[in-house]
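Participant: As you go down the protein sequences, you meet chains Z and F in turn. By the count of numbering that gives the first Met the number 0, the first sequence reaches residue 105 at its end, each step adding exactly one. By the count of numbering that gives the first Met the number 0, the second sequence reaches residue 207 at its end, each step adding exactly one.
It should be emphasised that the hints constitute simulated quantities derived from the structure, not laboratory data. Bear in mind that the values here come from a model prediction, so they are computed numbers and not experimental data. Note that beta-carbon positions come from the ideal geometry of N, C-alpha and C, so glycine has one too. Hints may contain errors.
[Said to hold, decoys possible] Partial pick of chain Z residues on the chain F-facing surface, computed with a CB cut under 10 Å: (1) Phe45; (2) Phe62; (3) Leu82.
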Amino acid sequence: MTEHLTHDGGGHAEHGAHPTDAKYVKIALILGALTAIEVSLYYTSFSEVATNSVLMLLAAFKFVIVVAYFMHLKFDNKILRRLFITGFVLASFCYVGYLVTMGVFV
Amino acid sequence: MATPASVVGQEHPTDPHAHGHVTNTGLSNEKLAMWAFLGSECLLFGALISAFFLYRGKSQSGPTAEDVYDIPFTSVSSFVLLMSSLTMVLALSAIQRGDHRRLRVWLMATALLGASFIAGQVYEFTTFIREGLTIKTNLFGSSFFVLTGFHGVHVTLGVVMLLSLWNLSLRGRLGQEKAEVIEIAGLYWHFVDVVWILIFTVIYLIPE
C-alpha cells in the first residue's frame, strides 16, 4: 500500500499570504458599495432585462469576492477550490436545466 | 511503505493552522469535510431557490411580493449580515496573531450582527403574517417562508456556534493552535452570507 502521507498544514500547502486586516476592511467597503448600487438599481426605471442582468452580475461578483477573500479559497489548496467549484457548477447546471425544462425562463 | 521524504518535507512547523495530524491529502480532514458539507448545502439552497422560481408569479391569490416587501428594511438587514463576514474574518486574523482579547471582541460582534439579522427576519415574518401572508396562503408564501426560514435557521445555528466559541475562548480553551476551529466556523458563516447575497438579489430585488 502506497500512502502519500503529509503532515497537516491546515490545507495551506499551496497557499499565498492572507490579506491584511486593512485589506479585509477595504473588501467589506466594496461589498457594501455594491449592495448600495444593487438597491439603487431596484428603484431605477431602466429596461427590466438590463437591470436584472446587472443585478445578477453584481450578485455573482459579491459571491466571488466573499468566497475568494473571506473564505480564503483564492489562497488555499487547489483541492478545496476544485471541490467547491465542481459542486457549485454541477448544482447550478442541474437546477438551471431543471428550471428550463419546466419552462420557467421561457 | 516508506513515506516519501519530499512529501513529508511539506510540514509547516510555523503554520498557525498546523495540528500535527497526518493525512493522505496533506489537507486538514476537518476543513475538507466542511468544504464538502458546503458543497452539499449548495444543492439544498439550489433546490429551495429553484422551487421559488418555479412558483414565481403562479399564486392564485394575494398578497404577493410587491404587496409585502419592504426593500429598504431588507437592504439594511443584508448590509448587517455582509458586515458580519468582515468581523468573522477579523476574528480569524486575531487568533492567528494570538490576540485572544480581539478574537472575543470580533466573535461577539459577529454573533450580535447575526442576531440582529435574525431579529430583522422575525420582524419581517411577523409583518408579513399581519398583512395576511402565511406559509399556507399561496405558492409565493410557501416558497418564500421555506427558503428564507431555512436560511434563518442556518444563521441561528451559526450564532449559537459563535457564542460557544466565545465561551471556549473566555475559559482559555481556544488557544492559537486551534485557529483552524475558528477558520472552519468562519467558512460556515461566510457561506450563510453568500447564500443571502443570492437570495437578496433573486428573491427581493428582481421583480416578478
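Participant: All hints, please: hold or fail.
Facilitator: Hint check results:
no. : hint  : result
1   : Phe45 : 13 Å, violated
2   : Phe62 : 5 Å, holds
3   : Leu82 : 5 Å, holds
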